[in-house]
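Enquirer: From first to last, the protein sequence lines are chains A and B.
First residue of the first sequence: 5, per the numbering used here; consecutive thereafter.
First residue of the second sequence: 4, per the numbering used here; consecutive thereafter.
By construction, these hints were calculated from the structure, which means they are not laboratory data.
One should not assume that every hint holds.
Dumping the calculated SDA-like pairs for lysine to any residue here, alpha-carbon to alpha-carbon at most 20 angstroms [as the list claims (entries may be wrong)]:
| # | chain 1 | residue 1 | chain 2 | residue 2 |
| --- | --- | --- | --- | --- |
| 1 | A | Lys18 | A | Arg100 |
| 2 | A | Lys15 | B | Gly46 |
| 3 | A | Lys61 | B | Ser6 |
| 4 | B | Lys63 | A | Glu106 |
| 5 | A | Lys61 | B | Gly4 |
| 6 | B | Lys71 | A | Met93 |
| 7 | B | Lys59 | A | Ala105 |
| 8 | A | Lys18 | A | Glu106 |
| 9 | B | Lys55 | A | Arg100 |
| 10 | B | Lys55 | A | Gly102 |
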Amino acid sequence: DTGVSQDPRHKITKRGQNVTFRCDPISEHNRLYWYRQTLGQGPEFLTYFQNEAQLEKSRLLSDRFSAERPKGSFSTLEIQRTEQGDSAMYLCASSRMGEGAEAFFGQGTRLTVV
Amino acid sequence: GNSVTQMEGPVTLSEEAFLTINCTYTATGYPSLFWYVQYPGEGLQLLLKATKADDKGSNKGFEATYRKETTSFHLEKGSVQVSDSAVYFCALSVRAGNNRKLIWGLGTSLAVNP
Numbered sequence: 005d006t007g008v009s010q011d012p013r014h015k016i017t018k019r020g021q022n023v024t025f026r027c028d029p030i031s032e033h034n035r036l037y038w039y040r041q042t043l044g045q046g047p048e049f050l051t052y053f054q055n056e057a058q059l060e061k062s063r064l065l066s067d068r069f070s071a072e073r074p075k076g077s078f079s080t081l082e083i084q085r086t087e088q089g090d091s092a093m094y095l096c097a098s099s100r101m102g103e104g105a106e107a108f109f110g111q112g113t114r115l116t117v118v
Numbered sequence: 004g005n006s007v008t009q010m011e012g013p014v015t016l017s018e019e020a021f022l023t024i025n026c027t028y029t030a031t032g033y034p035s036l037f038w039y040v041q042y043p044g045e046g047l048q049l050l051l052k053a054t055k056a057d058d059k060g061s062n063k064g065f066e067a068t069y070r071k072e073t074t075s076f077h078l079e080k081g082s083v084q085v086s087d088s089a090v091y092f093c094a095l096s097v098r099a100g101n102n103r104k105l106i107w108g109l110g111t112s113l114a115v116n117p
């Protein structure tokens, strides 16, 4: 297993366009997380899946953001009608169940909205 | 609520100096505590963790002890190297219902000069 992979690594889009990011977690991991990170800040929690169920969404996640995890495997994060304030690094992480389970992070997708 | 507070950076040290990065937390219940590291241009990696009071996590010469009485998890290293230059994030994992998610500090940037 090569770890958590995210695609694309970089995305430049014009304001108002829709973008979709993909995350492939480590295969035996039940939990999948999406975070957003801006320069000089820690990761901000966006949403969390346990298998295919989306169990929590941050209030940061406006109705322009939607995430799915069909069949409990890979996940997609879509941003509709992008705004310049959406420019950030979008991080995906996965973990097993259980106390103290380590979250493994992907390399992230850097989004630039121009 | 649950939160993590880290000392502000940047921290600049000479090679072989002693490092301490302070981290304190507030949490309901019994959190697990983590230090993650982000090297320039790379994703987040787990550095060490502790899952219960008085546990000491250690890795690559770094150590941190889970202190419940002071609600702290300070990161230490006896002799830093240039290759330790990175951003260090303290995080806690706490159960909320059926969910378990990471709460992050803002990160502390460390620069080690030769």
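Enquirer: Run every hint past the structure and note whether it holds.
Expert: Now for the hints, and whether the structure bears them out:
1. Lys18(A) x Arg100(A): 37 angstroms, violated
2. Lys15(A) x Gly46(B): 17 angstroms, holds
3. Lys61(A) x Ser6(B): 18 angstroms, holds
4. Lys63(B) x Glu106(A): This hinted pair holds, its Cα atoms lying about 17 angstroms apart.
5. Lys61(A) x Gly4(B): Answer holds: Lys61(A) to Gly4(B) is near 17 angstroms, not above 20 angstroms.
6. Lys71(B) x Met93(A): Between Lys71(B) and Met93(A) the Cα gap is close to 33 angstroms, so the pair fails against 20 angstroms, i.e. violated.
7. Lys59(B) x Ala105(A): Given pair Lys59(B), Ala105(A) holds - Cα atoms ~16 angstroms apart, limit 20 angstroms.
8. Lys18(A) x Glu106(A): Violated, because 36 angstroms separates the two Cα atoms, which is more than 20 angstroms.
9. Lys55(B) x Arg100(A): Holds, because 18 angstroms separates the two Cα atoms, which is no more than 20 angstroms.
10. Lys55(B) x Gly102(A): Given that 20 angstroms is the threshold and the Cα spacing comes to 14 angstroms, the pair holds.
Violated hints for the displayed structure, listed by number in ascending order: 1, 6, 8.
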